[in-house]
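With the hints as extra help, turn the sequences into a complete structure.
Numbering (the working numbering) for the sequence shown: 2 to 424.
Do not rely on the hints blindly, as some may be mistaken.
To be verified - Here are the simulated distance ranges between beta carbons:
hint, residue 1, residue 2, range
1, Ala312, Ala359, 24 to 34 Å
2, Ala295, Arg397, 23 to 33 Å
3, Pro110, Pro281, 44 to 54 Å
4, Arg397, Thr351, 15 to 25 Å
FYI, nobody ran anything at the bench for these hints, they're computed from the structure.
Glycine included, C-beta positions come from ideal geometry on N, C-alpha and C.
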Amino acid sequence: MHSAAQLLAAARFATGLYRQRLDVWQAALRGDLLCRRRTSWGIRDPYPLYEQMRARGPILPTRLGNWSTTSHRLSNQVLRSRTFGVAPLDAAEEPEPGMDLSFLTRNEPDHGRLRRLAQPAFSPRMIDRYRALVEKTTHELVDAVEARSRREGAVDLVAQLAAPLPITVITALLGIPDADAAAFQRYGAAIGSALSGIRSLRHAREVMTADREIDRLFTALFALREKEPRDDLVSVLVAERGSRISPEELGPMCSLLLIAGFETTVNLIGNGVLALLRHPEQWRLLRDEPALAASCVEEVLRFDPPVQETARIAFEDTEIGGVRVHKDQVVLTLIGGANRDPEAFPSPATFDITRAPAVEHLAFSSGIHYCLGAPLARLEAATAFAILADRLPGLRLAGPVRMRPSSTIRGPLRLPVAPAGSS
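In C-alpha coordinates form, the structure reads like this:
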(Lines of atoms letter the chains of each structure in order from A and count residues from 1; the text may use other names and numbers.)
(Lines give C-alpha, C1' and ligand atoms only; values in the text may rest on other atoms or scores of the structure.)
Protein backbone atom coordinates (compact mmCIF):
# COMPACT_ATOMS: atom_id res chain seq x y z
CA MET A 1 0.00 0.00 0.00
CA HIS A 2 1.52 3.32 -1.08
CA SER A 3 1.07 6.46 0.97
CA ALA A 4 -0.27 9.68 -0.53
CA ALA A 5 3.22 11.22 -0.21
CA GLN A 6 4.80 8.33 -2.14
CA LEU A 7 2.21 8.57 -4.90
CA LEU A 8 2.75 12.33 -5.14
CA ALA A 9 6.53 11.88 -5.31
CA ALA A 10 6.12 9.25 -8.07
CA ALA A 11 3.79 11.56 -10.00
CA ARG A 12 6.28 14.43 -9.77
CA PHE A 13 9.12 12.15 -10.86
CA ALA A 14 7.12 10.88 -13.84
CA THR A 15 6.10 14.42 -14.83
CA GLY A 16 9.70 15.62 -14.77
CA LEU A 17 10.90 12.54 -16.62
CA TYR A 18 8.41 12.81 -19.47
CA ARG A 19 8.98 16.58 -19.71
CA GLN A 20 12.68 15.88 -20.20
CA ARG A 21 11.95 13.32 -22.91
CA LEU A 22 9.60 15.73 -24.65
CA ASP A 23 12.28 18.44 -24.55
CA VAL A 24 14.78 16.05 -26.16
CA TRP A 25 12.35 15.05 -28.92
CA GLN A 26 11.45 18.68 -29.64
CA ALA A 27 15.13 19.63 -29.83
CA ALA A 28 15.76 16.63 -32.11
CA LEU A 29 12.95 17.74 -34.44
CA ARG A 30 14.50 21.22 -34.55
CA GLY A 31 17.75 19.66 -35.80
CA ASP A 32 19.80 19.17 -32.63
CA LEU A 33 22.05 16.26 -33.62
CA LEU A 34 23.04 15.35 -30.07
CA CYS A 35 19.36 15.07 -29.12
CA ARG A 36 18.74 12.94 -32.20
CA ARG A 37 21.37 10.61 -30.74
CA ARG A 38 19.01 10.11 -27.78
CA THR A 39 16.03 9.06 -29.91
CA SER A 40 15.24 5.44 -30.77
CA TRP A 41 16.45 5.69 -34.37
CA GLY A 42 19.62 7.50 -33.26
CA ILE A 43 20.29 4.67 -30.82
CA ARG A 44 19.78 2.06 -33.58
CA ASP A 45 22.47 3.65 -35.76
CA PRO A 46 24.34 6.66 -34.36
CA TYR A 47 27.12 6.68 -36.93
CA PRO A 48 25.46 8.86 -39.62
CA LEU A 49 24.75 11.43 -36.90
CA TYR A 50 28.39 11.45 -35.84
CA GLU A 51 29.36 12.24 -39.42
CA GLN A 52 26.85 15.09 -39.56
CA MET A 53 28.34 16.46 -36.33
CA ARG A 54 31.87 16.10 -37.71
CA ALA A 55 30.87 18.07 -40.80
CA ARG A 56 29.91 21.00 -38.53
CA GLY A 57 33.29 21.08 -36.79
CA PRO A 58 35.55 19.12 -34.42
CA ILE A 59 33.92 20.54 -31.27
CA LEU A 60 30.34 21.78 -31.02
CA PRO A 61 28.29 23.62 -28.39
CA THR A 62 25.39 21.73 -26.80
CA ARG A 63 21.95 23.14 -26.06
CA LEU A 64 22.70 23.01 -22.30
CA GLY A 65 25.77 25.21 -22.60
CA ASN A 66 28.47 22.53 -22.77
CA TRP A 67 30.55 20.98 -25.58
CA SER A 68 30.72 17.74 -27.57
CA THR A 69 33.39 16.35 -29.88
CA THR A 70 33.69 13.57 -32.45
CA SER A 71 37.39 14.28 -32.99
CA HIS A 72 39.75 11.47 -31.98
CA ARG A 73 42.55 13.96 -31.28
CA LEU A 74 40.43 16.24 -29.11
CA SER A 75 38.71 13.36 -27.31
CA ASN A 76 42.07 11.82 -26.47
CA GLN A 77 43.37 15.21 -25.33
CA VAL A 78 40.41 15.74 -22.99
CA LEU A 79 40.50 12.19 -21.58
CA ARG A 80 44.23 12.44 -20.85
CA SER A 81 44.29 15.99 -19.54
CA ARG A 82 44.62 16.61 -15.78
CA THR A 83 42.71 19.85 -16.42
CA PHE A 84 39.57 17.70 -16.71
CA GLY A 85 37.96 15.18 -14.37
CA VAL A 86 34.86 13.10 -13.87
CA ALA A 87 33.36 15.45 -11.26
CA PRO A 88 33.86 19.08 -10.29
CA LEU A 89 37.15 19.45 -8.43
CA ASP A 90 35.48 21.14 -5.46
CA ALA A 91 32.57 18.67 -5.30
CA ALA A 92 31.84 16.82 -2.07
CA GLU A 93 33.31 13.34 -1.98
CA GLU A 94 29.93 11.79 -1.27
CA PRO A 95 28.36 10.66 -4.60
CA GLU A 96 24.83 11.50 -5.58
CA PRO A 97 22.30 9.06 -4.10
CA GLY A 98 21.35 6.06 -6.21
CA MET A 99 24.33 5.95 -8.59
CA ASP A 100 27.65 5.40 -6.84
CA LEU A 101 30.02 4.02 -9.49
CA SER A 102 33.01 3.96 -7.13
CA PHE A 103 36.32 5.09 -8.64
CA LEU A 104 34.68 5.55 -12.06
CA THR A 105 33.18 8.77 -10.68
CA ARG A 106 36.11 9.82 -8.45
CA ASN A 107 38.95 12.25 -9.17
CA GLU A 108 42.43 11.96 -7.68
CA PRO A 109 43.52 11.05 -5.08
CA ASP A 110 40.50 8.83 -4.28
CA HIS A 111 40.40 7.43 -7.81
CA GLY A 112 43.99 6.19 -7.62
CA ARG A 113 43.66 4.88 -4.07
CA LEU A 114 40.63 2.71 -4.93
CA ARG A 115 41.91 1.64 -8.33
CA ARG A 116 45.24 0.46 -6.89
CA LEU A 117 43.37 -1.93 -4.59
CA ALA A 118 41.83 -3.77 -7.54
CA GLN A 119 44.73 -3.41 -10.00
CA PRO A 120 46.67 -6.58 -8.96
CA ALA A 121 43.64 -8.78 -9.78
CA PHE A 122 43.86 -7.61 -13.41
CA SER A 123 47.65 -7.89 -13.84
CA PRO A 124 49.01 -9.88 -16.83
CA ARG A 125 49.97 -12.76 -14.50
CA MET A 126 46.46 -12.95 -13.03
CA ILE A 127 44.76 -12.62 -16.41
CA ASP A 128 46.86 -15.52 -17.69
CA ARG A 129 45.56 -17.60 -14.76
CA TYR A 130 42.05 -17.21 -16.15
CA ARG A 131 42.93 -18.23 -19.71
CA ALA A 132 42.08 -21.90 -19.12
CA LEU A 133 38.75 -20.98 -17.48
CA VAL A 134 37.86 -18.69 -20.41
CA GLU A 135 38.64 -21.41 -22.97
CA LYS A 136 36.88 -24.17 -21.05
CA THR A 137 33.78 -22.03 -20.44
CA THR A 138 33.62 -20.91 -24.08
CA HIS A 139 33.77 -24.51 -25.35
CA GLU A 140 31.03 -25.56 -22.90
CA LEU A 141 28.82 -22.68 -23.97
CA VAL A 142 29.35 -23.48 -27.66
CA ASP A 143 28.43 -27.11 -26.87
CA ALA A 144 25.16 -25.81 -25.40
CA VAL A 145 24.57 -23.54 -28.42
CA GLU A 146 24.98 -26.50 -30.77
CA ALA A 147 22.68 -28.70 -28.70
CA ARG A 148 20.00 -26.03 -28.39
CA SER A 149 20.13 -25.15 -32.09
CA ARG A 150 19.51 -28.80 -32.98
CA ARG A 151 16.32 -28.66 -30.90
CA GLU A 152 15.12 -25.13 -31.62
CA GLY A 153 16.95 -23.75 -34.66
CA ALA A 154 17.76 -20.12 -33.82
CA VAL A 155 19.64 -19.40 -30.60
CA ASP A 156 20.09 -16.05 -28.83
CA LEU A 157 23.88 -15.70 -28.72
CA VAL A 158 23.71 -12.97 -26.06
CA ALA A 159 21.87 -15.16 -23.56
CA GLN A 160 23.72 -18.35 -24.51
CA LEU A 161 27.33 -17.13 -24.84
CA ALA A 162 28.08 -13.39 -24.85
CA ALA A 163 26.65 -12.85 -21.34
CA PRO A 164 27.42 -16.09 -19.44
CA LEU A 165 31.09 -16.19 -20.51
CA PRO A 166 32.26 -12.91 -18.87
CA ILE A 167 29.81 -13.38 -15.97
CA THR A 168 31.40 -16.77 -15.19
CA VAL A 169 34.88 -15.27 -15.25
CA ILE A 170 34.26 -12.09 -13.24
CA THR A 171 32.28 -13.93 -10.56
CA ALA A 172 35.19 -16.38 -10.22
CA LEU A 173 37.64 -13.49 -9.95
CA LEU A 174 35.54 -11.78 -7.27
CA GLY A 175 34.76 -15.04 -5.49
CA ILE A 176 30.96 -15.00 -5.87
CA PRO A 177 29.62 -18.54 -5.31
CA ASP A 178 26.71 -20.03 -7.27
CA ALA A 179 26.42 -17.08 -9.65
CA ASP A 180 23.08 -16.74 -11.45
CA ALA A 181 24.14 -15.65 -14.95
CA ALA A 182 20.61 -14.81 -16.11
CA ALA A 183 19.96 -12.61 -13.07
CA PHE A 184 23.31 -10.83 -13.41
CA GLN A 185 22.59 -10.24 -17.09
CA ARG A 186 19.32 -8.48 -16.13
CA TYR A 187 21.07 -6.42 -13.46
CA GLY A 188 23.84 -5.38 -15.83
CA ALA A 189 21.40 -4.39 -18.57
CA ALA A 190 19.33 -2.32 -16.12
CA ILE A 191 22.26 -0.48 -14.54
CA GLY A 192 24.07 -0.01 -17.85
CA SER A 193 20.97 1.48 -19.46
CA ALA A 194 20.59 3.94 -16.57
CA LEU A 195 23.82 5.65 -17.67
CA SER A 196 21.78 7.25 -20.48
CA GLY A 197 19.10 8.38 -18.03
CA ILE A 198 15.94 6.86 -16.58
CA ARG A 199 13.31 6.31 -19.29
CA SER A 200 10.21 5.51 -17.24
CA LEU A 201 8.91 4.57 -13.81
CA ARG A 202 9.23 0.91 -14.79
CA HIS A 203 12.85 1.47 -15.78
CA ALA A 204 13.49 3.23 -12.45
CA ARG A 205 12.07 0.21 -10.59
CA GLU A 206 14.27 -2.16 -12.59
CA VAL A 207 17.39 -0.14 -11.76
CA MET A 208 16.47 0.09 -8.07
CA THR A 209 15.77 -3.65 -7.92
CA ALA A 210 19.10 -4.47 -9.57
CA ASP A 211 20.97 -2.16 -7.20
CA ARG A 212 19.19 -3.65 -4.17
CA GLU A 213 19.85 -7.26 -5.20
CA ILE A 214 23.54 -6.64 -5.86
CA ASP A 215 23.88 -4.83 -2.54
CA ARG A 216 22.22 -7.77 -0.78
CA LEU A 217 24.55 -10.25 -2.49
CA PHE A 218 27.71 -8.39 -1.49
CA THR A 219 26.57 -7.72 2.08
CA ALA A 220 26.24 -11.48 2.57
CA LEU A 221 29.51 -12.19 0.75
CA PHE A 222 31.46 -9.66 2.84
CA ALA A 223 30.30 -11.37 6.03
CA LEU A 224 31.23 -14.79 4.63
CA ARG A 225 34.70 -13.72 3.44
CA GLU A 226 35.43 -12.02 6.75
CA LYS A 227 35.01 -15.42 8.41
CA GLU A 228 36.30 -17.57 5.55
CA PRO A 229 38.77 -15.63 3.36
CA ARG A 230 39.78 -17.20 0.06
CA ASP A 231 42.03 -16.48 -2.90
CA ASP A 232 39.69 -13.96 -4.52
CA LEU A 233 39.38 -10.20 -4.91
CA VAL A 234 36.51 -9.74 -2.45
CA SER A 235 38.59 -11.41 0.28
CA VAL A 236 41.45 -8.99 -0.46
CA LEU A 237 39.15 -5.97 -0.32
CA VAL A 238 37.40 -7.11 2.86
CA ALA A 239 40.81 -7.45 4.53
CA GLU A 240 41.55 -3.80 3.62
CA ARG A 241 38.21 -2.50 4.92
CA GLY A 242 38.72 0.27 7.44
CA SER A 243 42.31 0.97 6.38
CA ARG A 244 42.74 1.55 2.63
CA ILE A 245 39.02 1.45 1.82
CA SER A 246 36.12 2.65 3.97
CA PRO A 247 33.13 0.39 4.72
CA GLU A 248 30.96 2.79 2.70
CA GLU A 249 33.25 2.47 -0.34
CA LEU A 250 33.48 -1.32 -0.33
CA GLY A 251 30.00 -2.16 -1.66
CA PRO A 252 29.99 0.34 -4.56
CA MET A 253 33.49 -0.74 -5.59
CA CYS A 254 32.58 -4.42 -5.75
CA SER A 255 29.34 -3.61 -7.58
CA LEU A 256 31.29 -1.62 -10.15
CA LEU A 257 33.85 -4.40 -10.64
CA LEU A 258 31.04 -6.93 -11.10
CA ILE A 259 28.92 -4.95 -13.57
CA ALA A 260 31.80 -3.37 -15.49
CA GLY A 261 33.56 -6.74 -15.45
CA PHE A 262 30.99 -8.30 -17.72
CA GLU A 263 28.73 -5.60 -19.18
CA THR A 264 31.36 -4.19 -21.57
CA THR A 265 32.41 -7.67 -22.70
CA VAL A 266 28.83 -8.83 -23.30
CA ASN A 267 28.44 -5.99 -25.78
CA LEU A 268 31.93 -6.39 -27.23
CA ILE A 269 31.19 -10.03 -28.11
CA GLY A 270 27.68 -9.22 -29.33
CA ASN A 271 28.81 -6.30 -31.49
CA GLY A 272 31.70 -8.37 -32.81
CA VAL A 273 29.64 -11.38 -33.88
CA LEU A 274 27.06 -9.03 -35.43
CA ALA A 275 29.75 -7.16 -37.41
CA LEU A 276 31.39 -10.40 -38.56
CA LEU A 277 28.14 -11.95 -39.75
CA ARG A 278 27.15 -8.73 -41.53
CA HIS A 279 30.54 -8.74 -43.28
CA PRO A 280 30.81 -12.34 -44.55
CA GLU A 281 34.22 -11.75 -46.16
CA GLN A 282 35.64 -10.82 -42.73
CA TRP A 283 34.00 -13.88 -41.14
CA ARG A 284 35.60 -16.09 -43.79
CA LEU A 285 38.95 -14.39 -43.19
CA LEU A 286 38.75 -15.12 -39.45
CA ARG A 287 37.76 -18.74 -40.13
CA ASP A 288 40.76 -19.17 -42.42
CA GLU A 289 43.18 -17.31 -40.12
CA PRO A 290 42.23 -17.81 -36.43
CA ALA A 291 45.37 -15.89 -35.40
CA LEU A 292 43.48 -12.75 -36.46
CA ALA A 293 41.17 -13.06 -33.43
CA ALA A 294 43.10 -10.50 -31.36
CA SER A 295 43.20 -8.05 -34.28
CA CYS A 296 39.48 -8.69 -34.78
CA VAL A 297 38.80 -7.61 -31.18
CA GLU A 298 40.59 -4.30 -31.72
CA GLU A 299 38.67 -3.62 -34.93
CA VAL A 300 35.33 -4.38 -33.27
CA LEU A 301 36.24 -2.01 -30.43
CA ARG A 302 37.04 0.69 -32.98
CA PHE A 303 34.20 0.03 -35.41
CA ASP A 304 31.33 -0.39 -32.93
CA PRO A 305 32.48 0.26 -29.35
CA PRO A 306 30.34 -0.89 -26.41
CA VAL A 307 30.73 2.48 -24.66
CA GLN A 308 29.73 5.25 -27.05
CA GLU A 309 30.41 8.34 -24.96
CA THR A 310 31.90 9.66 -21.76
CA ALA A 311 32.03 13.13 -20.21
CA ARG A 312 34.69 15.21 -18.52
CA ILE A 313 34.34 18.43 -16.47
CA ALA A 314 36.84 21.30 -16.72
CA PHE A 315 38.62 22.12 -13.46
CA GLU A 316 39.61 25.55 -14.81
CA ASP A 317 39.21 27.72 -17.86
CA THR A 318 41.07 26.15 -20.77
CA GLU A 319 41.10 25.89 -24.56
CA ILE A 320 40.25 22.82 -26.62
CA GLY A 321 40.19 22.77 -30.41
CA GLY A 322 40.20 26.54 -30.62
CA VAL A 323 37.21 27.09 -28.29
CA ARG A 324 37.21 28.41 -24.75
CA VAL A 325 35.98 25.87 -22.21
CA HIS A 326 35.11 27.46 -18.88
CA LYS A 327 35.50 25.95 -15.43
CA ASP A 328 32.73 23.39 -14.68
CA GLN A 329 31.69 23.13 -18.32
CA VAL A 330 31.38 19.57 -19.63
CA VAL A 331 33.02 18.15 -22.75
CA LEU A 332 31.18 15.08 -24.03
CA THR A 333 33.66 12.86 -25.87
CA LEU A 334 31.65 10.86 -28.41
CA ILE A 335 33.86 7.77 -28.52
CA GLY A 336 31.78 6.07 -31.22
CA GLY A 337 32.38 9.07 -33.48
CA ALA A 338 36.04 9.53 -32.48
CA ASN A 339 36.77 5.90 -33.39
CA ARG A 340 35.57 6.64 -36.93
CA ASP A 341 37.46 9.90 -37.33
CA PRO A 342 39.04 9.85 -40.83
CA GLU A 343 41.94 11.94 -39.50
CA ALA A 344 42.88 9.00 -37.27
CA PHE A 345 41.63 5.97 -39.23
CA PRO A 346 41.66 5.69 -43.05
CA SER A 347 38.36 4.39 -44.49
CA PRO A 348 36.84 4.50 -40.99
CA ALA A 349 33.43 3.10 -41.99
CA THR A 350 35.07 -0.06 -43.36
CA PHE A 351 35.16 -3.08 -41.03
CA ASP A 352 38.60 -4.63 -41.57
CA ILE A 353 39.99 -7.13 -39.08
CA THR A 354 43.46 -6.84 -40.65
CA ARG A 355 43.63 -3.12 -39.91
CA ALA A 356 46.88 -1.92 -38.30
CA PRO A 357 46.08 1.62 -37.16
CA ALA A 358 48.72 4.20 -36.32
CA VAL A 359 46.77 5.35 -33.23
CA GLU A 360 44.82 3.47 -30.57
CA HIS A 361 41.03 3.54 -30.48
CA LEU A 362 39.31 5.06 -27.45
CA ALA A 363 36.88 2.23 -26.71
CA PHE A 364 38.49 1.69 -23.29
CA SER A 365 38.80 5.46 -22.69
CA SER A 366 42.24 7.01 -22.15
CA GLY A 367 44.33 8.57 -19.42
CA ILE A 368 43.97 7.66 -15.74
CA HIS A 369 40.46 6.26 -16.25
CA TYR A 370 41.57 3.75 -18.91
CA CYS A 371 39.49 0.60 -18.40
CA LEU A 372 40.96 -1.54 -15.61
CA GLY A 373 39.51 -4.75 -17.07
CA ALA A 374 40.59 -4.17 -20.68
CA PRO A 375 43.07 -7.12 -20.77
CA LEU A 376 40.41 -9.52 -19.46
CA ALA A 377 37.80 -8.25 -21.94
CA ARG A 378 40.28 -8.68 -24.80
CA LEU A 379 41.08 -12.24 -23.73
CA GLU A 380 37.42 -13.23 -23.43
CA ALA A 381 36.38 -11.70 -26.76
CA ALA A 382 39.37 -13.07 -28.72
CA THR A 383 38.73 -16.54 -27.30
CA ALA A 384 35.03 -16.36 -28.16
CA PHE A 385 35.65 -15.17 -31.74
CA ALA A 386 38.34 -17.80 -32.40
CA ILE A 387 36.33 -20.73 -31.00
CA LEU A 388 33.12 -19.67 -32.76
CA ALA A 389 34.96 -19.36 -36.08
CA ASP A 390 36.56 -22.79 -35.60
CA ARG A 391 33.56 -24.73 -34.31
CA LEU A 392 30.63 -22.92 -35.97
CA PRO A 393 32.05 -21.75 -39.31
CA GLY A 394 28.59 -21.70 -40.90
CA LEU A 395 27.09 -19.42 -38.25
CA ARG A 396 24.49 -17.01 -39.65
CA LEU A 397 21.99 -14.42 -38.46
CA ALA A 398 18.59 -16.04 -37.93
CA GLY A 399 16.18 -13.22 -37.07
CA PRO A 400 15.85 -9.55 -36.16
CA VAL A 401 18.51 -8.15 -33.86
CA ARG A 402 17.25 -6.14 -30.89
CA MET A 403 19.62 -3.43 -29.67
CA ARG A 404 19.85 -2.03 -26.15
CA PRO A 405 17.73 1.12 -25.65
CA SER A 406 20.72 3.21 -24.56
CA SER A 407 22.76 5.96 -26.19
CA THR A 408 25.73 5.30 -23.88
CA ILE A 409 26.04 1.49 -23.83
CA ARG A 410 25.74 -0.08 -27.29
CA GLY A 411 25.15 -3.74 -28.03
CA PRO A 412 22.47 -6.28 -28.90
CA LEU A 413 19.98 -7.33 -26.25
CA ARG A 414 19.01 -10.24 -28.48
CA LEU A 415 21.18 -11.72 -31.26
CA PRO A 416 19.48 -14.71 -32.92
CA VAL A 417 21.93 -16.95 -34.79
CA ALA A 418 21.92 -20.45 -36.20
CA PRO A 419 24.77 -22.80 -37.14
CA ALA A 420 24.87 -24.15 -40.68
CA GLY A 421 22.28 -26.82 -41.32
CA SER A 422 19.83 -25.77 -38.59
CA SER A 423 16.36 -24.70 -39.58
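Evaluation of the provided hints:
{"no.": "1", "hint": "Ala312 / Ala359: 24 to 34 Å", "in the structure": "holds, 27 Å"}
{"no.": "2", "hint": "Ala295 / Arg397: 23 to 33 Å", "in the structure": "holds, 24 Å"}
{"no.": "3", "hint": "Pro110 / Pro281: 44 to 54 Å", "in the structure": "holds, 50 Å"}
{"no.": "4", "hint": "Arg397 / Thr351: 15 to 25 Å", "in the structure": "holds, 22 Å"}
Figure legend: structure checked against the earlier numbered hints; every hint is met.
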